[in-house]
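Given the coordinates of chain P, work out where chain V should sit on it, guided by the hints.
Protein chains: 2
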Amino acid sequence: MPATLSEFDLIKAFFEGVGPKTDVVGLGVGDDCAVISIPSDKSLCISMDTMVEGIHFLPGSPPQKIAYRALAAAMSDLAAMGAEPSHFTLSLTLPVSNYEWLSEFSLGLKTLADQFHFPLVGGDTTKGPLTISLQVHGLIPTGQALMRSGAKVGDIIAVTGTLGDAGAALTILDRVDDKLLTDGQSFLLNRYYYPSPRIVQGLQLRLLASACIDISDGLLADASHIAEKSKVELEIDSESLPMSEALLVEQAGNACGFALSAGDDYELLFTISESNWEILNEQKTSHIYTKIGRVNEGSGVVVKNNIQSSKSMGYKHFE
Amino acid sequence: MPATLSEFDLIKAFFEGVGPKTDVVGLGVGDDCAVISIPSDKSLCISMDTMVEGIHFLPGSPPQKIAYRALAAAMSDLAAMGAEPSHFTLSLTLPVSNYEWLSEFSLGLKTLADQFHFPLVGGDTTKGPLTISLQVHGLIPTGQALMRSGAKVGDIIAVTGTLGDAGAALTILDRVDDKLLTDGQSFLLNRYYYPSPRIVQGLQLRLLASACIDISDGLLADASHIAEKSKVELEIDSESLPMSEALLVEQAGNACGFALSAGDDYELLFTISESNWEILNEQKTSHIYTKIGRVNEGSGVVVKNNIQSSKSMGYKHFE
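Those protein sequences? They're chains P and V, same order as listed. With my numbering, you'll find the first sequence wraps up at 382, consecutive numbering, no jumps. With my numbering, you'll find the second sequence wraps up at 382, consecutive numbering, no jumps.
Since the hints were derived computationally from the structure, they do not count as laboratory data. Check before you lean on any hint, since a few could be wrong.
Repeated chains share a single entry, so a pair holds when one copy, or any two copies, can fit it.
[Stated by the list, open to error] With a straight-line Cα cutoff of 30 Å, these simulated DSSO-like cross-link-like pairs (lysine-lysine) come out: (1) 190 with 105; (2) 347 with 75; (3) 105 with 84; (4) 128 with 105; (5) 294 with 75; (6) 84 with 292; (7) 292 with 173; (8) 173 with 190; (9) 128 with 190; (10) 347 with 173.
Looking at chain P on its own, in the form it has when it is part of the complex:
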């Protein structure tokens, strides 16, 4: 294997066959375009996400983890719409074409793509500062997309999983010696590097929830988007936020602050009527959902029982 690879060799070696080929893919990598067939009763959901070295991850981060996290984060937008993953594209900009780096990066993508039968169908590779752009595509029955704008007064507010873990991981990310980490710290780091795209939950919520968003910028910041789009107030009870044991131990004094405001968890935040909430809780997977508040008339986000600042601290680029 040569030290440097042409673009064509690189695509062939590392990106063909990531995610199994499925029925939608008419033509994958290797022509001017990929060609995709969409079933006639479905609409296509698309979302594009970019991660830049030094901004979204530390320089020198393990490529397998960068790839997994980037793809999981992008897929999380599909989950938030209630979409089924269909196919994705990758634009990879990197300073040098390093065999080992690419091999690990490809493995990170493959792990998640194979699990969700989510084929990589095309993209671009180019030279430059390490930047990963992913566009993910998902299918929904036409007219059934879960949007941010459907929250109704009286609805319950709920989330999947636990909150704040990824944010807490960021505070220990530069401790490179894995051997010195406690079990709790390892748990938090895994939550940061390997977020679970809540695809299954999104599909479950599609016919039950009234509005949904994924928590990428922090609970308060993302709740404010639902409030704005739905023209309602979201009242969140800070005493009911689901938090991991690891977060409570590692950030004893400030766990609630992380759960309210830290980003990168990629859990789903949704609103749902009382009656649909009961239906949801009859499912086997109901333990993953936690009620955290109520939709009221008004606007914005209000935090009840909050001893810390309720100001939105979600990460905004360019501020």
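Relative to the frame of chain P, chain V by itself:
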């Protein structure tokens, strides 16, 4: 207008309303995903292209020109499939959010997007080294995509427009004082900055050509892709290459070298049967097509009447 903008403000100010909203767009910018409806008799062609400052364009290049060229180059892949532009997404990574820069960049996109009724439906903006990733989407009647693999022995090889202009422009790109440029040099620079995506020609060729590719890496490099995918030899007559007056004057000694090997023209290279070539030449727009060779049994690309090197010099990343 504040000196720096939040991501939300930035998208609202500069990217909502680029390209008119069309029937396919169910939901555009402003939710977790854009939602697109594809007509049931159509397939979707997708292509992703990335341009990085210092690699694909000079640092400090005019943003309006960067945007136009990036979008035209990406659309060229749709043209090469015979697809009709449907919608596109943009991931923009930039060091600082500068109002004037973004305003000009947005205008560059808008000029082309409006012309082709090509709406921008989503994307991402983030901080980092200036990088532009575009994903373009187009529609084709299912089963009618123009591919690289259909060239037949005996077919004519032809191209649109003139070749080598953009490559010649690269040699004068760093002469910033526009006032010192000759008319010919201005022409070449315009060919570089404002490539014409050959959408109309792609649609015309869809039912007539046997194989097609857009010339982004240079005629010889891109011809070799058709040769490889179609398992044939492409014989190109270097005396028949269409060249502009400006190229012949500005690069008197080496015009043919530019036409054969320089990239960035984004013209279409296609193969077509004798009988379909006659049909194509009955069209009003036939002046845009030039016959440049013949498809033979064999493999690879052969150049006839070539006094210069016939070695492919197409630009390959990472080499």
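Numbered hints the structure breaks, given as an ascending list: Hints 1, 2 and 4 are the ones this structure does not satisfy, whereas the remaining hints hold.
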